[in-house]
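Trainee: Single-letter residue listing:
Protein chains: 2
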Amino acid sequence: MFTAPVFSPPFIGLNGNVVATADAKLHVTDLALLRGYGIFDFMRVINGIPLFQDRYLARFQHSAALLGLEIPLSITALKAHIHTLIAANGHPSAGLRLVLTGGFSPDGYLPTTPNLIVLDAPYPAPKPEQYTEGVSLITHSYVREIPEAKTLNYIVPIRALPQIRKAGAFDVLYVDPAGWITESSRSNFFLVTKTGVVVTPHDHVLPGITRGVILQLAQDRYPVEMRPVHIEELQTAQEAFLTSTTKGAVGVVQLDALRIGDGQVGSITQALHHAFLAYGEAYLAQNKTSGSL
Amino acid sequence: MFTAPVFSPPFIGLNGNVVATADAKLHVTDLALLRGYGIFDFMRVINGIPLFQDRYLARFQHSAALLGLEIPLSITALKAHIHTLIAANGHPSAGLRLVLTGGFSPDGYLPTTPNLIVLDAPYPAPKPEQYTEGVSLITHSYVREIPEAKTLNYIVPIRALPQIRKAGAFDVLYVDPAGWITESSRSNFFLVTKTGVVVTPHDHVLPGITRGVILQLAQDRYPVEMRPVHIEELQTAQEAFLTSTTKGAVGVVQLDALRIGDGQVGSITQALHHAFLAYGEAYLAQNKTSGSL
Numbered sequence: 008m009f010t011a012p013v014f015s016p017p018f019i020g021l022n023g024n025v026v027a028t029a030d031a032k033l034h035v036t037d038l039a040l041l042r043g044y045g046i047f048d049f050m051r052v053i054n055g056i057p058l059f060q061d062r063y064l065a066r067f068q069h070s071a072a073l074l075g076l077e078i079p080l081s082i083t084a085l086k087a088h089i090h091t092l093i094a095a096n097g098h099p100s101a102g103l104r105l106v107l108t109g110g111f112s113p114d115g116y117l118p119t120t121p122n123l124i125v126l127d128a129p130y131p132a133p134k135p136e137q138y139t140e141g142v143s144l145i146t147h148s149y150v151r152e153i154p155e156a157k158t159l160n161y162i163v164p165i166r167a168l169p170q171i172r173k174a175g176a177f178d179v180l181y182v183d184p185a186g187w188i189t190e191s192s193r194s195n196f197f198l199v200t201k202t203g204v205v206v207t208p209h210d211h212v213l214p215g216i217t218r219g220v221i222l223q224l225a226q227d228r229y230p231v232e233m234r235p236v237h238i239e240e241l242q243t244a245q246e247a248f249l250t251s252t253t254k255g256a257v258g259v260v261q262l263d264a265l266r267i268g269d270g271q272v273g274s275i276t277q278a279l280h281h282a283f284l285a286y287g288e289a290y291l292a293q294n295k296t297s298g299s300l
Numbered sequence: 008m009f010t011a012p013v014f015s016p017p018f019i020g021l022n023g024n025v026v027a028t029a030d031a032k033l034h035v036t037d038l039a040l041l042r043g044y045g046i047f048d049f050m051r052v053i054n055g056i057p058l059f060q061d062r063y064l065a066r067f068q069h070s071a072a073l074l075g076l077e078i079p080l081s082i083t084a085l086k087a088h089i090h091t092l093i094a095a096n097g098h099p100s101a102g103l104r105l106v107l108t109g110g111f112s113p114d115g116y117l118p119t120t121p122n123l124i125v126l127d128a129p130y131p132a133p134k135p136e137q138y139t140e141g142v143s144l145i146t147h148s149y150v151r152e153i154p155e156a157k158t159l160n161y162i163v164p165i166r167a168l169p170q171i172r173k174a175g176a177f178d179v180l181y182v183d184p185a186g187w188i189t190e191s192s193r194s195n196f197f198l199v200t201k202t203g204v205v206v207t208p209h210d211h212v213l214p215g216i217t218r219g220v221i222l223q224l225a226q227d228r229y230p231v232e233m234r235p236v237h238i239e240e241l242q243t244a245q246e247a248f249l250t251s252t253t254k255g256a257v258g259v260v261q262l263d264a265l266r267i268g269d270g271q272v273g274s275i276t277q278a279l280h281h282a283f284l285a286y287g288e289a290y291l292a293q294n295k296t297s298g299s300l
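Heads up: the sequence lines are chains A and B, in that order. Per my numbering, the first sequence runs over residues 8 to 300. Per my numbering, the second sequence runs over residues 8 to 300.
A hint or two may mislead.
Here are the in silico distance ranges between beta carbons for each label pair [said to hold, decoys possible]:
id, chain 1, residue 1, chain 2, residue 2, range
1, A, H209, B, E155, 29 to 35 Å
2, B, A95, A, E140, 53 to 59 Å
3, B, D210, A, D263, 43 to 49 Å
4, A, D183, B, P135, 22 to 28 Å
5, B, E77, A, L265, 33 to 39 Å
6, B, E140, A, G23, 42 to 48 Å
7, A, L265, B, E155, 39 to 45 Å
8, A, E240, B, E155, 55 to 61 Å
9, A, A72, B, V26, 44 to 50 Å
10, A, T83, B, A132, 42 to 48 Å
Since the hints were derived computationally from the structure, they do not count as laboratory data. All of these numbers come straight from a predicted model, not from anything done at the bench. Even for Gly, the Cβ is constructed at its ideal location relative to N, Cα and C.
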């Protein structure tokens with residue numbers, strides 16, 4: 008009945024064990040299957056080193072705590088487990104997904120002992136033209152339920168995929184009924200005002216790891232504001248961009264019918280993307296020599 | 008690694024096959040596990056007859072369509088599958104859960120061929136005192152994302168369980184930021200005005216099967232209104248009640264600190280609950296003799 012999916016890594020982590028991919032199954036009474044109850048995180052692995060691992064694992068812990076779920080391994084044991092899995096799969100460059108579910112629930116409602124899945128899959132590299140040409144977004148009226156947690160719930164954006172495709176857009180931009188921008192489905196959102204201030208929403212957004220690094224790098228270079236951002240501000244903004252683990256910083260050149268700035272990827276967006284790549288390189292060099300993996 | 012949960016039925020339905028409970032597992036790349044993407048439904052089985060089966064299966068189809076998921080069996084084949092599973096498990100009285108997931112997703116985002124789970128578990132009978140004493144609710148600021156679909160997403164109410172327990176309440180009542188009532192976490196909501204009008208919210212709610220039957224029965228007996236319901240109306244309401252598959256109609260006697268009516272289960276609530284039970288008995292008698300199962 009189960010046909011193995013097109014999924015190249017030979018092994019998957021399941022509750023701290025490294026198991027053959029075809030054997031990585033969970034009983035159907037798991038609360039993620041029955042009630043969508045669980046959290047996850049996703050980090051890049053470059054040359055065998057999980058980029059910014061401590062930041063991702065701290066967020067994973069925070070999301071778990073917000074849903075009252077206990078990670079079945081200590082953080083030290085989880086790092087060792089990730090290390091073992093990466094070595095077993097042998098991908099030099101990967102995307103590493105950690106999923107924590109509500110556990111097997113006899114009554115289909117009450118969480119029990121969580122199940123932990125670690126999936127080490129090939130890294131989905133962004134297309135080069137996303138950096139040179141930028142991307143377009145369409146607005147979607149939505150605010151995530153528990154925005155500060157990276158929950159499993161992606162029903163709204165996955166359901167919007169046909170609409171995104173039809174519009175020829177890259178993704179949605181979540182806007183609340185009063186026009187306040189929060190985030191995109193899998194990215195944080197920034198704009199650059201006409202006076203050169205880098206602005207990103209502060210509330211009702213996921214605390215993105217890439218967002219955090221970009222903010223840190225931006226603060227050394229530009230005026231930065233974390234505050235509510237209204238969709239009207241895009242009328243006069245000179246740049247806008249998304250940040251995410253898979254993308255770094257990607258310019259947004261259009262929202263619905265509105266051209267943003269001059270319709271080209273802005274110079275501050277490019278500068279921050281390059282600064283982010285350099286910061287990542289430095290992290291990798293340091294973590295390679297110090298052997299902290 | 009997998010410990011069989013306390014789960015009495017010997018068999019579970021998986022993609023149209025009846026499999027031993029311990030073998031009912033799905034690969035961890037299923038989109039319900041990775042992204043909470045899926046829908047479900049839940050009906051009662053009494054003396055081997057699925058109560059109001061056609062209504063539940065129509066809603067199951069509607070939810071699936073709203074999420075762009077195709078049920079892998081025809082409705083005729085699904086009914087036969089349910090019948091086989093009920094016969095194999097041999098429970099005279101059960102709760103039957105149907106789950107349809109986004110399928111095994113190689114990229115962890117795009118839906119593929121859905122997986123169908125049918126769980127036939129012992130029916131969780133409500134406590135008798137719920138009918139004699141009524142229940143209390145606490146308000147929770149929330150509106151479900153795609154209310155007309157029975158999606159898997161129960162993160163908000165499951166996360167609220169400690170808060171519900173702490174308040175000594177039975178469940179939450181979802182209220183939007185402007186005070187408009189929608190529904191409870193697993194029930195629809197009704198109130199009876201001081202002039203005896205039976206009122207239930209019409210928009211942004213799940214079209215409950217029990218709600219539909221109760222509305223049908225109420226329309227023969229009382230003035231009925233389906234319209235927006237504001238929380239302020241509970242100040243003067245003489246009754247309030249919840250409707251659901253597992254409960255029928257259960258009186259709500261308190262919301263937060265507010266006593267509703269005289270704090271007792273109302274006569275209209277009781278009359279509608281008994282009419283609902285009688286309607287169910289008639290359905291069972293008819294479907295037994297006609298052999299339509």
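Trainee: Does each hint hold? Answer for all of them.
Mentor: Hint by hint, here is what the structure shows:
1. A:H209 / B:E155: 29 to 35 Å: holds (33 Å)
2. B:A95 / A:E140: 53 to 59 Å: The hint (53 to 59 Å, Cβ to Cβ) holds, given that B:A95 and A:E140 are roughly 58 Å apart.
3. B:D210 / A:D263: 43 to 49 Å: Since B:D210 and A:D263 have Cβ atoms about 26 Å apart, the given range 43 to 49 Å is violated.
4. A:D183 / B:P135: 22 to 28 Å: violated (44 Å)
5. B:E77 / A:L265: 33 to 39 Å: Taking Cβ atoms as reference, B:E77 and A:L265 lie about 36 Å apart, which means the hint holds.
6. B:E140 / A:G23: 42 to 48 Å: holds (46 Å)
7. A:L265 / B:E155: 39 to 45 Å: Taking Cβ atoms as reference, A:L265 and B:E155 lie about 31 Å apart, which means the hint is violated.
8. A:E240 / B:E155: 55 to 61 Å: violated (34 Å)
9. A:A72 / B:V26: 44 to 50 Å: violated (36 Å)
10. A:T83 / B:A132: 42 to 48 Å: Cβ of A:T83 to Cβ of B:A132: about 46 Å, so the range 42 to 48 Å holds.
The structure does not agree with the numbered hints 3, 4, 7, 8 and 9 stated previously, though it agrees with the rest.
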